[in-house]
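J.: One letter stands for each residue in the lines below.
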Amino acid sequence: MTFMPIKEEIEMRKMYADTLIELAAKDEKVIALEADLSSAITTSKIKDQLKDQFLNLGIMEAEMIGTAAGLSVTGFKPFVHTFANFATRRVYDQVFVSLAYAQLNAVILGSDAGVTAEHNGGTHMPFEDLSLMRIIPHNKVYEASDSTMLRHLLHKGYNEKGLTYIRTIRKKAVKLYGEEDTFETGSKLLREGNDIALLASGIMVSDALEAADQLAEEGIEAMVMDMYQLKPIDKEAVLKAAKTGAIVTAENHNVIGGLGSSVSEVLAEESPAHLYRVGIREKFGQVGTTSWLKEDYRITVEEIVEQAKKLILKKANIA
Amino acid sequence: MVNHDEIKDLELFAKKIRYYTLKELTLMGFGHYGGSLSIVETLAVLYGKQLNASPEIKDDLNRDYFVLSKGHAGPSLYATLFLKGYFPEEWLYTLNNNGTNLPSHPDRNLTPGVDMTTGSLGQGVSASTGIALGNKLSGRDNYTFCIVGDGELNEGQAWEAIQMASHNKLDHLIIFVDDNKMQLDGPTLDISNPLDFVSKFEAFGYHSKRIDGASVKEINEAVEWAKSSEGKPTAIILDTIKGQGIPFIESMSDNHHLRPDEATHAEIVEALNSIGEEIGVIS
Chain A
256 MTFMPIKEEI
266 EMRKMYADTL
276 IELAAKDEKV
286 IALEADLSSA
296 ITTSKIKDQL
306 KDQFLNLGIM
316 EAEMIGTAAG
326 LSVTGFKPFV
336 HTFANFATRR
346 VYDQVFVSLA
356 YAQLNAVILG
366 SDAGVTAEHN
376 GGTHMPFEDL
386 SLMRIIPHNK
396 VYEASDSTML
406 RHLLHKGYNE
416 KGLTYIRTIR
426 KKAVKLYGEE
436 DTFETGSKLL
446 REGNDIALLA
456 SGIMVSDALE
466 AADQLAEEGI
476 EAMVMDMYQL
486 KPIDKEAVLK
496 AAKTGAIVTA
506 ENHNVIGGLG
516 SSVSEVLAEE
526 SPAHLYRVGI
536 REKFGQVGTT
546 SWLKEDYRIT
556 VEEIVEQAKK
566 LILKKANIA
Chain B
2 MVNHDEIKDL
12 ELFAKKIRYY
22 TLKELTLMGF
32 GHYGGSLSIV
42 ETLAVLYGKQ
52 LNASPEIKDD
62 LNRDYFVLSK
72 GHAGPSLYAT
82 LFLKGYFPEE
92 WLYTLNNNGT
102 NLPSHPDRNL
112 TPGVDMTTGS
122 LGQGVSASTG
132 IALGNKLSGR
142 DNYTFCIVGD
152 GELNEGQAWE
162 AIQMASHNKL
172 DHLIIFVDDN
182 KMQLDGPTLD
192 ISNPLDFVSK
202 FEAFGYHSKR
212 IDGASVKEIN
222 EAVEWAKSSE
232 GKPTAIILDT
242 IKGQGIPFIE
252 SMSDNHHLRP
262 DEATHAEIVE
272 ALNSIGEEIG
282 VIS
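These protein sequence lines map, in sequence, to chains A and B.
Everything in the first sequence is counted per the numbering used here, starting at 256 for the first residue and increasing by one.
Everything in the second sequence is counted per the numbering used here, starting at 2 for the first residue and increasing by one.
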């Protein structure tokens, strides 16, 4: 069962816009807010349809968060979008105080996850957004890996009280899921295996599946999970993975505070296992194509395979 | 227009707010005296007459909303909310105590009657634009009032909010600027000259005027004027004094946050007793 990475037909941004139309039609209190990146996420194409349920504030991210808070006070459910770096580190205190601490309701979509910010470079390349959002009390934090999942997460955010942060890429993801898939537990087990577990999120999920195929050719059976819910993390899934004795996490994000950290926290407290975190280590962003950046930051299929093999040796030597 | 008796009533209400503000701060032993006292007359006009809000309708979406963007003035808002019956008097004297419902900066989840959590300066103005927009989109004609500090208008976010409200024609948003001319580290003029607030707001597309922020009559007339505005939000610049109404606090150059020593404490108690006598309360 070799995994063939095939890009989806639909872009993630189109799915965001389509889902907004769906939710806005169902509930007049749904309102989409933008800060001059409406064309980038294609909500510009639906603004006429959304009418009063859409507001582009201009380049004022702090005000956009405050507006979302005020709208929530009066019973609205704001869906706020901007690039993930602006949606988190630029307006961190606004998100923290006016939304989270005030216990108001909003869904924040941070687009252009990690290296997919490509030619916008270091100023626009978020490697820390999940980390920042994860330490806000009661926050729900997700990273969408394909459009089917994104739609589900947006619905989930709509139904949940409080603050939901969803990280996504803007363009086409590799197809992972079908209509029949549900996303309730916080993770998806994509492949069984007893030798090692590969836990990934976002664009690294399909890489983990490819890595598992390569490992299988060498007789190593790797479990693969899509850990789309960073907070609260699916503890049961991590503990199941820990039974293999070795885990490689893979994320398009700094290894501090994101998926690798989340998994290591569960392991350290509940069930120690060998762990290696594939991710960004002590680096800022830079311009480049996604594939070149992945190579440069060593967040690739090859890196997952190499670290998995090292970890299996480590496990054998200690056992 | 209001009659002479109504003005007298508002003046008495202001005195009561000032009395309980001073009392809760003094029992705590420290706090933001200066900026709490400078907005007392404005709170008296809002909660005594202009703001459609009371404990009975505190969850009614049609009520008027109030955002104290300069959250450090929480103590005078608490005194007002107590006088309006939102919570019992005992609560006032738990200000900033461990586990209190009255923290130094207002928290909508702790204190009945507080519409928005504030304290991180600049953010309350943004929230008030969101509230005014939400009410407008919902077809309600209720008002949103916001008090922002003059020092607080150093914050860039406040000017984003001010522009947003103007662009979206939020004419049921009324912003008060508490122009007490001082911020934590000294005179606003020395730290970052705010220039002329009225012309700044006018340039942003507002109806704006400067009034005496110690006169309930002028404040009341200004709110009436603001409510007649169509198509534009209003900014009322309150000419105030930090520590307003308590002469020896007014005369202190650094009254933003006070931890009174024994001598000052005695003076405050004296002022408190004197207002207490005027309003018929024995402290």
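Hints are computed from structural coordinates only; laboratory data are not their basis.
Glycine residues also receive a C-beta, built at the ideal position from the N, C-alpha and C atoms.
Any given hint could be a false lead.
[What the hints assert, rightly or not] Estimated spans, in silico, between C-beta atoms of each pair:
| id | chain 1 | residue 1 | chain 2 | residue 2 | range |
| --- | --- | --- | --- | --- | --- |
| 1 | B | Ile8 | A | Gln358 | 35 to 41 Å |
| 2 | A | Pro392 | B | Ile8 | 45 to 51 Å |
| 3 | A | Gly433 | B | Asn63 | 45 to 51 Å |
| 4 | B | Phe249 | A | Asp348 | 33 to 39 Å |
| 5 | B | Asn274 | A | Glu520 | 56 to 62 Å |
J.: Provide an ascending list of the numbers of those earlier hints which the structure does not satisfy.
T.: Hints that this structure does not satisfy do not exist here, as all of them hold.
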